[in-house]
Amino acid sequence: MKNDPQRRFYLKAITLVLAMIPILLSTWLVSAHQAHPTSGNPRAIAHNENQSPGFGYNGWTAPDTGYFSIYEQGGMDQIRLTVTLSRVGAGSGGGSYQAVWYPNASSLNRFDTPIRINAGEIYNIRVYEQEIVSGHSGWYESEGWLPPRLINLGSSDIECGVGDHPFSSIMIAMGKSGRFLTKNVFGTYTATLSDMVTQNPAIQLNTATSFLIKPGSVAWGNNSLGIQCWGDNAQFDGDWVYNGIAYSDDIDFEDFTIIWAFNPTSVSVPSVQVRINSASSDYSANEPASYVVSWSSSNVTTCTGAGGLSGQNQRNGQITINNQTAGTYDYSMTCSNGVTAVSDTRRAVIYALPAIDVTVDNSDNPPAYPVPASYMVRWVASKGSVNCTGADELSGWNSLSGSLPLTGVTAGIHTYSMTCDNGHGAVATDSVSVSVLEPPTVDLKVNNLDGPLSLISPASFTLSWISQAATSCVVISAEGAWSGNKVLNGNQLLTGVTTGTHTYGLTCLNPYGSASDAVTVVVIAPLTGTISQAFSSLLLFAPNLGLPAQSLSGNVSGGIPPYSIQVWVHKPSGSLLSFSRTGSNWTVTPASSGDLNFGTSEAGSWTAWANLQDSAGQTYQTASVVWEVAWYPVHARP
Amino acid sequence: MIPLHLKTIQGNGMINERKAQSAVWGLLSILVLVVLAGGLVDIYRLYAARNWAYSVAQEAALAGASRGRDWNAVLATGLIQLDEAVASSTGLAVITSAMQVRGISTYVVSIRVLPDPFGGTIPGFPPQPVRLGESLGDWSSTEPAVGVYLEVPLQWTILDLFGVDLKTVRVFASAGVAQ
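So the sequence lines, in the order shown, correspond to chains A and B. In my numbering, each number is its position in the first sequence, counted from 1, plus 3. In my numbering, each number is its position in the second sequence, counted from 1, plus 537.
Treat the hints as calculated values from the structure; they're not laboratory data. Note that the coordinates shown come from a computational prediction; the quantities given were computed from them, not determined experimentally. Positions of the beta carbon are idealized from the N, C-alpha and C atoms, including for glycine. Among the hints, erroneous ones may be present.
Unchecked claim - Here are some chain B residues the structure puts well away from chain A; computed CB gaps all over 12 Å:
{"id": "1", "residue": "Ala585"}
{"id": "2", "residue": "Asn588"}
{"id": "3", "residue": "Leu599"}
{"id": "4", "residue": "Asp607"}
{"id": "5", "residue": "Trp608"}
{"id": "6", "residue": "Glu621"}
{"id": "7", "residue": "Ser626"}
{"id": "8", "residue": "Gln637"}
{"id": "9", "residue": "Gly640"}
{"id": "10", "residue": "Pro666"}
{"id": "11", "residue": "Ile695"}
{"id": "12", "residue": "Gln716"}
As the list claims (entries may be wrong) - Cβ-Cβ distance ranges computed for the label pairs, FRET-style:
{"id": "13", "chain 1": "B", "residue 1": "Leu698", "chain 2": "A", "residue 2": "Leu548", "range": "52 to 58 Å"}
{"id": "14", "chain 1": "B", "residue 1": "Gln692", "chain 2": "A", "residue 2": "Asn547", "range": "45 to 51 Å"}
{"id": "15", "chain 1": "B", "residue 1": "Gln665", "chain 2": "A", "residue 2": "Ser595", "range": "56 to 62 Å"}
{"id": "16", "chain 1": "A", "residue 1": "Leu548", "chain 2": "B", "residue 2": "Gly674", "range": "34 to 40 Å"}
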């Protein structure tokens with residue numbers, strides 16, 4: 004049975020299925036591996052499509068008080084690190100640290116961080132790395148780790164990737180050759196312990212392992228072991244996809260080994276700190292921004308600035324940035340003590356100010372429109388605008404740009420306002436007002452009447468006018484003091500206007516039309532009249548002598564025709580005669596009076612006058628005329 | 538000349554003498570009476586002639602003043618005045634007519650007119666003193682007036698036998714127009 008082909012077939016099938024499980028598992032585990040070279044600022048480890056798992060260990064209880072340190076073996080030129088110890092529970096230890104480490108320049112292969120750990124405090128540890136391998140120029144991300152496989156600690160054999168290692172299964176599942184590497188990192192392990200003992204007299208060799216970040220309950224070979232076998236290289240083919248692009252590299256766990264431990268004593272850790280406006284945090288502001296970038300270092304011999312600090316090589320200093328426009332600005336300073344390079348970077352994010360432009364028919368100052376108006380309101384936010392809110396007649400609109408065609412807009416002043424902000428406190432507002440005008444109207448009155456108005460000379464009257472939608476008013480048919488430009492609404496007193504027909508006109512205009520109104524004032528002379536007699540002396544019953552009787556005549560002027568005239572004749576006897584006449588010129592003759600002896604029928608003084616009245620009710624009594632009627636008798640003289 | 542008609546008285550003896558004496562005396566008386574009567578007649582005739590002449594002159598003056606009123610002046614000036622020509626001719630016509638009726642062909646008449654509304658004065662008028670009428674010499678008036686001076690010859694019946702030399706009656710009359 005053991006050699007039964009069918010059995011072998013089943014065994015192979017089972018083996019294949021079992022092999023697929025770790026392959027799938029490892030695929031999931033290492034899917035974050037990104038062999039894509041990274042470059043640039045070491046401030047942050049680039050984790051692209053899938054974040055590298057890095058080194059992670061949760062719940063580590065610090066056995067003593069000291070500083071977090073890293074031991075490395077494996078021919079790295081540079082390692083840039085992001086180390087974070089998140090304290091669980093109360094305490095003061097922990098923190099995060101970034102730096103570039105030059106392991107080849109370190110005889111101890113040890114990198115000390117300033118992250119404080121205190122005995123008894125519990126931390127969650129996370130470390131990400133990128134490396135430049137000796138002989139290579141690019142950065143390679145440390146794609147992950149696998150625990151070493153303890154072969155024989157006593158025999159000085161701690162190997163990475165040895166035996167039935169899952170990585171080998173992954174490679175096989177991918178159709179590659181199995182990768183059974185035999186990197187004995189025992190030397191690194193023992194060098195680490197020796198260093199710890201050497202550098203820290205309080206540590207004895209038999210207690211040194213306790214300072215490894217490995218819980219005592221964890222056996223060698225456990226994933227939680229502080230000894231990490233890292234892989235990063237592209238020496239071997241592999242199939243890794245990033246953003247749909249296949250990269251030809253894979254991981255190699257034989258390159259180096261890192262041992263996480265800590266240094267229980269104070270160390271002269273090189274440090275550099277970049278501050279913006281004295282704050283050790285990134286900075287943000289609205290443009291134009293002015294701020295001070297300062298840096299200070301300690302335990303370093305050289306410093307080199309980058310980004311906004313390019314050209315700066317002092318170990319301490321500051322620069323002042325004035326009126327900086329929008330953008331993201333990194334200020335990095337890398338300092339080194341010859342072995343360890345530390346770097347700090349502050350980022351200044353300068354937000355663009357919001358801008359908004361509201362136009363009407365593409366104009367910020369649209370002309371006035373006649374009713375009904377049609378126009379297009381547009382608004383476009385730009386630069387740093389993030390949110391926009393309409394106001395006035397754009398209330399309800401909140402898009403960053405838009406257009407609003409309007410038709411049939413009624414008369415008035417229409418305002419379209421939009422306010423935008425950049426999300427960081429800066430606000431910009433634009434507003435456009437449109438005047439929709441009706442053709443102007445004007446109403447000119449004289450003494451609050453439309454006229455024509457008749458007045459007695461010398462006349463005084465008030466011209467008043469009210470215009471609507473007009474932009475200017477000017478006198479037409481100027482006369483006397485009524486001339487020139489006039490206010491849109493007003494009144495003017497005219498005095499001493501002489502007789503005649505006076506027309507006062509006013510035209511009011513706006514860009515879309517004009518309107519005129521005029522009033523007529525007829526200034527007339529006061530009602531007056533005359534009366535006269537044909538004879539001042541008459542003979543009694545003169546017609547009987549062939550002589551004329553009296554005739555009266557008169558005229559009427561001024562006032563408002565037609566006139567009515569009442570002629571009164573006072574006889575010497577005291578009785579009155581009355582005659583009604585009309586017209587501007589009137590007569591009372593013997594024929595028209597019905598008395599051929601008119602004015603001669605009694606001797607004595609006759610008196611006549613006329614009472615005049617015009618159509619306006621104005622009255623006037625003429626002076627009286629007197630004539631004497633006598634007989635002139637003849638008598639013998641003695 | 539005005540003719541005078543005398544009547545003859547006749548008587549008888551002693552009776553006629555006496556009667557004659559008586560007749561003489563009577564005659565004388567009669568003569569005296571006749572003379573007296575003649576004188577009276579002449580006086581009467583003088584008086585009558587004067588009155589007549591005056592009445593004629595007065596009538597002529599009134600007629601002249603009346604007809605001579607210038608009405609147009611009244612109309613024109615309010616004052617009455619006389620049309621001198623009309624007043625004179627009208628007065629003269631009255632005189633002429635009266636003389637013709639009496640058969641007097643010889644007479645003197647002078648008609649003067651003060652036409653102005655307020656009269657005036659005509660020196661030396663009437664030309665002769667008159668017994669009737671005003672103004673002996675310088676006739677004046679304060680109103681328009683017509684003055685008529687008339688001389689009429691008178692023939693005595695008796696008085697001329699006694700050397701009474703009065704043969705002309707002179708009268709003056711005037712009439713005015715009241716203003």
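Evaluated hints:
{"no.": "1", "hint": "Ala585", "result": "holds, 20 Å"}
{"no.": "2", "hint": "Asn588", "result": "holds, 14 Å"}
{"no.": "3", "hint": "Leu599", "result": "violated, 6 Å"}
{"no.": "4", "hint": "Asp607", "result": "violated, 10 Å"}
{"no.": "5", "hint": "Trp608", "result": "violated, 5 Å"}
{"no.": "6", "hint": "Glu621", "result": "holds, 15 Å"}
{"no.": "7", "hint": "Ser626", "result": "holds, 16 Å"}
{"no.": "8", "hint": "Gln637", "result": "holds, 23 Å"}
{"no.": "9", "hint": "Gly640", "result": "holds, 26 Å"}
{"no.": "10", "hint": "Pro666", "result": "holds, 17 Å"}
{"no.": "11", "hint": "Ile695", "result": "holds, 33 Å"}
{"no.": "12", "hint": "Gln716", "result": "violated, 7 Å"}
{"no.": "13", "hint": "B:Leu698 <-> A:Leu548: 52 to 58 Å", "result": "holds, 55 Å"}
{"no.": "14", "hint": "B:Gln692 <-> A:Asn547: 45 to 51 Å", "result": "holds, 46 Å"}
{"no.": "15", "hint": "B:Gln665 <-> A:Ser595: 56 to 62 Å", "result": "holds, 57 Å"}
{"no.": "16", "hint": "A:Leu548 <-> B:Gly674: 34 to 40 Å", "result": "holds, 36 Å"}
Going down the numbered hints, you'll see the structure goes against 3, 4, 5, 12, while the others check out.
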